[in-house]
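Visitor: Line order of the protein sequences matches chains A and B.
Counting in the numbering used here, the first sequence runs from 1 upward without gaps.
Counting in the numbering used here, the second sequence runs from 1 upward without gaps.
If you are wondering where the hints come from, they were derived from the structure by calculation, not from laboratory data.
All of these numbers come straight from a predicted model, not from anything done at the bench.
Among the hints, erroneous ones may be present.
Here are the simulated SDA-like pairs of lysine to any residue, each with C-alpha atoms no more than 25 Å apart in a straight line [said to hold, decoys possible]:
{"id": "1", "chain 1": "B", "residue 1": "Lys31", "chain 2": "A", "residue 2": "Thr578"}
{"id": "2", "chain 1": "B", "residue 1": "Lys32", "chain 2": "A", "residue 2": "Arg621"}
{"id": "3", "chain 1": "B", "residue 1": "Lys384", "chain 2": "A", "residue 2": "Gln814"}
Residues per chain are reported as follows:
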Amino acid sequence: MYKHLLKCASILLVLSAFLGGAQAFAQNRAISGTVYDENEQPVIGAVVMVVGNNRIATTTEADGSFTLHVPAGASISVESLGYVSQTIAVGDQLSFDIILQEDTQMLDETVVVGYGVQRKKLITGSTVNVSGEKLAATNAVDAFGALQSQAAGVNIVQNSGQPGESYKVTIRGMGTAGSNTPLYVVDGVPNGSITALSPNDIESIDVLKDAASSAIYGARASNGVILVTTKKGKAGKIQVTFDGYYGWQNANTNGVTPLNAKQYMEINDLAYDIQGTAKYDWASLIPKQYAQIQAGTWNGTNWLEETMVKNAPISNASINIRGGSEVSRFAIGFSKFDQTGTLGWPATPQYDRMTVRMNSDYSLIRKHGRDVLKFGENVTFTYTNKKGVSIGGIYDNNIRTLLTMSPLLPAYNDEGGWYEYKDIVADKWDFSAEMANPLAQLDYTRNQRYNKGYRLQSNFFLEFAPIKGLTFRSSFGWLYNHSESRSYVPVYELSTKSANPLDDVRQDQSYSMRWSLENTANWVKSFGRHNVDVLLGQSLEKWGYGSSVGVGNSNSLFPGSFEHAYITNANVVDPAYTSISGSPNSQGALSSFFGRANYNFAEKYLFSAVLRADGSSNFARGHRWGFFPSVSAGWVVSNEDFMSSTSNWLSFFKLRGSWGQNGNCNISSFQYVATVAFDDPYYFDSKDNPGIGAYPDILPNKDVKWETSEQLDLGFDARFFRSRLGLSFDWYNKMTKDWLVRAPILLSYGTGAPYVNGGDIKNTGFEVLLSWDDSPSRDFSYGISATFSHNKNMVTRIANSEGIIHGASNAIAQNTAELYRIQVGYPIGYFWGYEMDGIIQNDAQKQAYLDKYFEGDASKSFQGSSIQPGDVMFVDRNGDHKIDESDKTMIGDPNPDFTAGLTLHLEWKGLDFALNGYGSFGQQVAKSYRQFSDHPDDNYCTDVYTKYWNGEGSTNHYPRFTHGKHVNMSELSRVWIEDADFFKISTITLGYDLKRALKFLPVAKCRLYVTATNMFTFTGYSGMDPEVGFGNGTSWASGIDNGYYPSARSWQVGLNIAF
Amino acid sequence: MKKYIFFIASALGMMLLGGCDKFLDTQNLTKKDTSNFPVNETDAFQMVNGIYSVMNRNLADPEEDPFFIFDIASDDRLGGGSQSNIGAQGVDRLMNAYVNWMNPCWSNRYKGINRANSALETIDNVTSWTSASKKEQLLCEIYFLRAWYYFNLAQVFNGVPLVLSTEPQNLPRNTPDEVYAQIASDLKASIEHGPSQRYLDLGEGRANKWIAEGMMARVWLFYTGFYNKSELPLVEGGSISKAQVVSWLEDCIQNSGYGLVSDQRNLWPYTNPYTAKDYPYANENKLNWETDENMECMFSIKMSNKGGWSADSQLRHNRIVEFYGLRKTTEAAFPFSVQGYSNGPVCEKLWTDWAEDPDYAGDYRRVGSICDRLVEIPDYPGDKAKEVENTNLLAKKYIGCEAWNEDHSARYLSYGYYYGSENNRQTGLTQAITWLRFADVLLMHSELSDGKVIYNGKSGMNAVRARAGLPDIAYSLANIKKERRYELCFEAIRWNDLRRWGDVSEIVKNQVGNKILNEKYTGEYTFTVDFMERYQATGGFFKIPEDQVTLSEGVLEQNPGWESGTNWAKGDLPYFKK
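So that you can see chain A by itself, here it is in the shape it has in the complex:
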């Protein structure tokens, strides 16, 4: 098959050479020959052509042979992927035996490591390198979206599909109950932001996964490190590129449809029938609308449909210019990105981002073709403007409200305005006092606002290389962040409960700064076959400069005008509604020393050792310093002499192993003293005069220190068949010790719990990366790569007597118990509830169930004596013949067992095709799109007809349909938990370089492409989007779907131009 494909490609290639057109062929004579590799194996599909005239070309046959007619005095070149190209002067020779040298350069790619670069083949740790090209090829909104399909072991989950929302990024599983966010280092400066960059600005992203790779960032590396390098200038001709696309997005709701008015009334009637009580008297509750529904002139409001934005635009334009000379190089980028949300009209979400980037470096002293003193800087400025709807929990969640609002409430009144309280009164609409027009609510509360961010990321460096191999580097990084927001909520009255009798004007501003100073010395030297690379460095960082202020007030002098909604225009201070705040940022500092020594013998035996010492201001004197060592080793087996026999198929094979420790100091500061807070005023003699109240707000923990993660990593990297097939494998065991938790303490201590070093957690897993890249001909190349990772997470210690850190109750609906928790022996954030044996299908089964667990006594069952077919069979796990808390157990795990990524690309004669996909398997999601307990009148979705138990054999997962609060529903069990395995084809792109056909174009490249984003999601999950990062506001929880902003599906048309 492969041969056949090659053959076809070769024929096409040759054909194309002829298609070139009118040029006269000066074929003086025919030459022939055979192309071999170093092992005297024939090289198939090598391109042989005349230098300077690529129309005279051919490819080698299966036996490596070729023939070609060449003009006199010509030279031919022989090229094949994975080999060093050769140029041969033809002269008088007619027959050629050409031996191609394997191109080891391919393995000489360098990757970014902490404080430097390293050749990929000499790396002993576990890292992932994704080039900017690959990122940009996905046309993702930001680098995270692009990374999703490409980085094994990096789990990236969207927090929400709303534009501008962040991702939840975890490397090799969650290792702590605190922040699991990796450390981002942009151009060498820690705590940079990736989302502030346009994917077009990025040269490469390197993910340091194992402890040995990340140990050089010591104190903050326990969650892994992500290094971002922006595009740098290159000596040579100035290159200008333009990338732009425009797209149309639509909501991807996976078929979720709320009931219409008729269905809604039927279902409610049914609910009361089942309860055995009288139904709603619709005709008297909603007299006007009922008549319309009966007459068929109106069938209720489909709030979800109403709020959708059809063909919401998404666009991006970026220009990159780079060039320079031997002494000065630059790269400038400008990009603008705009995205509109697909849900949330009339407060349509919008996210705009503009970035300007300037990187350059200058040789101040240059001797013998070598920079002795060099200066440079990387500066990126980002502007963002964001507006959106409220998402997340069960109450302040616009998407949930739109899903659950009754269709019986009209959206508009007869005049076409919003249907408000006055209309409710006028129409004698009397169904429910809880209901208020959610679209009007969106319009009034979320539409008139913006949130702007201005961010500067920069670093300035000086490099001094007095002698060859020795480099001193000083780098100063500076980050500045400013945000500004403003909002206006007018006076409105939508229901008795939802009203805003005074308008609200609000303005907020904040800015923050941090700086870092790093000094490193690097010495690289070879002594014969001994190669040494030593790095010593020191760094200082300080943050917490800046402050924030906010003012909210009422009674704008320009009622109804957002444009005039400034505090100056609402300047009457009244303690009842004026709110002010102003606070400094929390300060902190980090001081570090580090060293790394790499040694290899003949690039065969590799060793590396790292030690970093970090001092953090978050701890008391005496507990500040942490030491983080790591060692790693590698053996490039394929460089051994005894491997020469396999070199015809095994191009490269390296075994590697590493061990190391990293830290995490990410806690609130001042945990080591009994701080006194002042936020509890008491009003003694007047409701307007606060008496400041002070109190010690934490129990101090003088001994709080680093949490340490220790990781062992074993793996190999291999390349086969002239390096075209790549395989990498990693196994790891990551143990986080002493993680910093705020474990519950006895409430009788009377104050807040401090952070303690109170838990251990273990992540083990493996990662596989498999890729195939080939370029059988000059005009044809293709590649496929797949990543696959498995992680198992287990909490092994929590330092309190319960061994539990509790999650919140009411996470999926009011009156539901604690849903998620951290507990020893279980994965972090697992779902906690009752096990169920399924649904009682018939009376015999009911009796069997009662006999099995409750000694045949129905009153002991959870449902009590009214238990009947269709009810949930809760499992009495402890055998005490009753169901209570002690029977609860793990009913789901939001952490995936496996994640996978897939990328595919094909290029043929200017045509290109690419596909990216990613998936997660083995995780569960807890989903509730209704507030069944305190809002029994919430709307249902159309799955109400099929989902519930409906007679024997109908389903074994969902109980019979009941109204309001019933044990079947209100007691958390597997009823609420769904498998959320999914695989998403995130992008499919088809492009063509017009330059191929239209030679006259005054550009080097002009590629036109179409991308389809999120077109296919393979999942059995019933909600809108199986990729649910939401964790009820808790950093270690996830997988809670309360009505989730789904990701959009879009078509994009784009253009890449290179001059």
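Please arrange chain B on chain A, whose structure you already have, making use of the hints.
Guide: Below, chain B without anything else, positioned relative to chain A:
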């Protein structure tokens, strides 16, 4: 080898980095700590103020606030609300409502105790006082508040761990005798430290000697009555006799400057002029609100016009009032038209007993305290979709009221708007919660002195009756019981009175069979589990939050009757007859 590397690196690091510690020192710009606080008199006041505000914090979860518990658990109110208000219904029925139920009550009272302990430990760090009496006054407040929080805990949970220092310790429960001894000693210290300034010279809202004297009587009555004792013990030895309590009460009645306001109804916000002008009952009776700052309400939880909503910090409006408000209100419910959750429907028996008692003929307090919805707000239909256990009787003392503006063109969500609060159905509810009222002091005096003449030439009981326009009657325990029930209804007094008198068995008679409306269906109030069975099992004490029992590794023992498995939410709710 690893050790060596560590050692060398550590040694090197330490030498190099000694100077770095300064670089790593940061300053806390928004908080002080116990090393620099308190140092002066202002600090000392702030520190004491912080002890009060935990009462507001507890109001974020009103169903677990002692005031709500004592009010709803009594025979004169039901849980009510909607199907989802199982907190209120659980209190009413002594049934388990939630996992870790009562956590806010436990937590906030211990927070207050911790703050009081911290204040006692550090008040001597303050060296400069403007006058010696300032420190004495603060000590009086600190001791009072610590006693008060322990008294709350003891009435809700029985014997609790006595935490008397800020050192964290996992302590077992003390016996009730030990807890009450601590309460008595603290109250006694409060009385002894408190300056003898009269009401208003001391400033409004702060605890003082007089309040401590009144509270001592309540503690004494409950402890001796409920636990069947003759005296109240003290930690330092000895005890407090009945005579001692009576003399403190007399000190309070005669010297405090507190007194009865002219019309009892003027204590309740519905009599405020902004509401009253459109509320015929208040208007016709020429009622005029005395506001929250008056000579009768001695110890209250004060609210603020300034909204505070953060879950971690205190709430500054009265959420109990919010829960007592009606559901789905319209203008027809005016003045009780601030939308709430319809908790605490009033039991029929109180309404009829009051009317039938010849001693109480013509008592204005009956209609002044209870609104018969069918009479006063007949056009208000109620919330037929959600309201449960509705008796059509509404308690008027703690409830939100609306007000029309001058020209009757706009309704404000709270009368509070006119007093400077937000026009908001939640944050506009700023009515103070009064825990100790002068009328109660008078009634306790009568009960302890067999009706001795003390105030305006009358016994305490008859002084209170006279204020309500009722003639004198002879003192008897039966009469004082009736008087307390009527005068102090819906003020979180009744439940503990019944318990100390040993009268709880009456409760069943009062509530069972009460006609109620559940959503749109009529029915009768029933218990799922026999109430007396529950009362005997629990003693009327509530569940200690389970997580506290677990966290203590068994050091803290659960109250009897609240072991796992007695879960209220089990099975169908009792509202609907099957």
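Visitor: Against the earlier hints, flag every one the structure doesn't satisfy and list their numbers going up.
Guide: none
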